[in-house]
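*Asks:* So the protein sequences, as listed, match chains A and B. Per the numbering used here, the very first residue in the first sequence carries number 5; after that it's consecutive. Per the numbering used here, the very first residue in the second sequence carries number 350; after that it's consecutive.
Bear in mind the hints are in silico, worked out from the structure with no lab data behind them. Be a bit skeptical, because a hint or two may be false.
[Claimed, not checked] Capping the alpha-carbon separation at 16 Å, the derived lysine to aspartate or glutamate pairs in EDC-like fashion look like this:
1) A:K71 x B:E516
2) A:K71 x B:E381
3) B:K363 x A:D72
4) A:K71 x B:D361
5) A:K71 x B:D354
6) B:K363 x A:E26
[Stated by the list, open to error] Some but not every residue of chain B turned toward chain A, in silico, with C-beta under 10 Å:
7) T373
8) D376
9) V387
10) L389
11) F398
12) A457
13) K501
14) L504
[To be verified] Computed list of chain A residues with no C-beta within reach of chain B, every gap over 12 Å:
15) E26
16) T58
17) L74
18) A110
19) M146
Using N, Cα and C, we set each Cβ at its ideal position, and we do this for glycine too.
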Amino acid sequence: MNLCLDDALKLDYLNGLLSEDERARFEAHLAACQGCRREIDGLRRTAAAVAGLTPLSVPADWTAAAKDRLRAMSPSPVPATLSNPAPAGRRTNALLYALITAAVAAGLALLFSLVMGGTVHRWLPGLSPAALGITDPRASRMVDLMAWILLLHTLFLVPSIIDNIYRLMRSGSGAVRGLKYHR
Amino acid sequence: MESVDTDRLVEDHKNLVYHLIHRTVRDRTAHEEIFQEVFLNVLESLPRFEGRSKLSTWVASIAVHTCYKFIQRAKKQERFEAFGDWLEGRPEPGVLSDLQENLERSDARRRLELHLGEVAPKYALPVTLYFFEGMSYQEIAEILQIPLGTVKSHLFRGLRELRKRVEGGEDEPLLG
Chain A
5 MNLCLDDALK LDYLNGLLSE DERARFEAHL AACQGCRREI DGLRRTAAAV
55 AGLTPLSVPA DWTAAAKDRL RAMSPSPVPA TLSNPAPAGR RTNALLYALI
105 TAAVAAGLAL LFSLVMGGTV HRWLPGLSPA ALGITDPRAS RMVDLMAWIL
155 LLHTLFLVPS IIDNIYRLMR SGSGAVRGLK YHR
Chain B
350 MESVDTDRLV EDHKNLVYHL IHRTVRDRTA HEEIFQEVFL NVLESLPRFE
400 GRSKLSTWVA SIAVHTCYKF IQRAKKQERF EAFGDWLEGR PEPGVLSDLQ
450 ENLERSDARR RLELHLGEVA PKYALPVTLY FFEGMSYQEI AEILQIPLGT
500 VKSHLFRGLR ELRKRVEGGE DEPLLG
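The whole structure should be built from the sequences, with the hints applied where relevant.
*Replies:* What follows is the structure, encoded as structure tokens:
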């Protein structure tokens, strides 16, 4: 093997990555080869000079600007209020949330009883099939069916409505920011 | 996407990123823009970081990639501008600023910096990443996305190139 030509070996020697055996053979060659010795000396001093370079200092305003831009881009840290025991403000929100849920549920129950019991015709005679000029029993059943569809549709929307009301209420205090990003 | 301590991200990696930009892109006027772009890219890519390498290695690879993209854009722009200059008969942008800078830089370390700037980035980067940043061959291979053998050959070639420049000039005191 011609050591004079093996750059990888020279590099590993410089970086102290040769095995003892390899190093001994390399140094035996160095003792006999002035060209390699001179090259290794020069490379070692060059590497030491690079290692001794003064670290570049980043301009402070660049760092500040990068931090600002990243802060603006990243999701807000999880608010402490989400992991701590509920403060007074949150208890009030929870009460409101419960009241709204109860009101929506009561409204649905009322609508359900009106349709099911046929009371809508008694309480709001203007909406009865007769008042609307509907004499055909099939058309009358169709009105009831429409009312049912409306009711079911409302039932499916309820969770979303309640959730949105809840989020709207909480966004008033700014606590909702980052909620979606919380793991 | 989870919350990230972005201040710490910048603080921990600002020197490494700046160093890589400094070694890769010669147009100093663009350094600040690239510095900002690197961190924005890091934040955008963060959800894809799987932790298979060190965060610093990963940030460094994004920094190098951002620098290369900038250089590609600049080369296109340069070609376009050179064509415009040729059309209008304007002189090519001079090397005068570099010469002035040469004269202004007097101390040995600054001369070494200058010589490093003269070596092609693909050779200068492994040299500074290994000897200055203290990274391993493997980490450099990940950052530069080149095989391990290429890292070694570029590292050796960079070091030899730098030695030639340093010893070819009047920088003996620097190495002595």
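*Asks:* None of the hints should be skipped; say for each whether it holds.
*Replies:* Outcome of the hint check:
no., hint, in the structure
1, A:K71 x B:E516, "violated, 42 Å"
2, A:K71 x B:E381, "holds, 13 Å"
3, B:K363 x A:D72, "holds, 14 Å"
4, A:K71 x B:D361, "holds, 12 Å"
5, A:K71 x B:D354, "holds, 10 Å"
6, B:K363 x A:E26, "violated, 39 Å"
7, T373, "violated, 13 Å"
8, D376, "violated, 16 Å"
9, V387, "holds, 9 Å"
10, L389, "holds, 6 Å"
11, F398, "violated, 14 Å"
12, A457, "holds, 8 Å"
13, K501, "holds, 5 Å"
14, L504, "holds, 6 Å"
15, E26, "holds, 15 Å"
16, T58, "violated, 6 Å"
17, L74, "violated, 4 Å"
18, A110, "holds, 40 Å"
19, M146, "holds, 50 Å"
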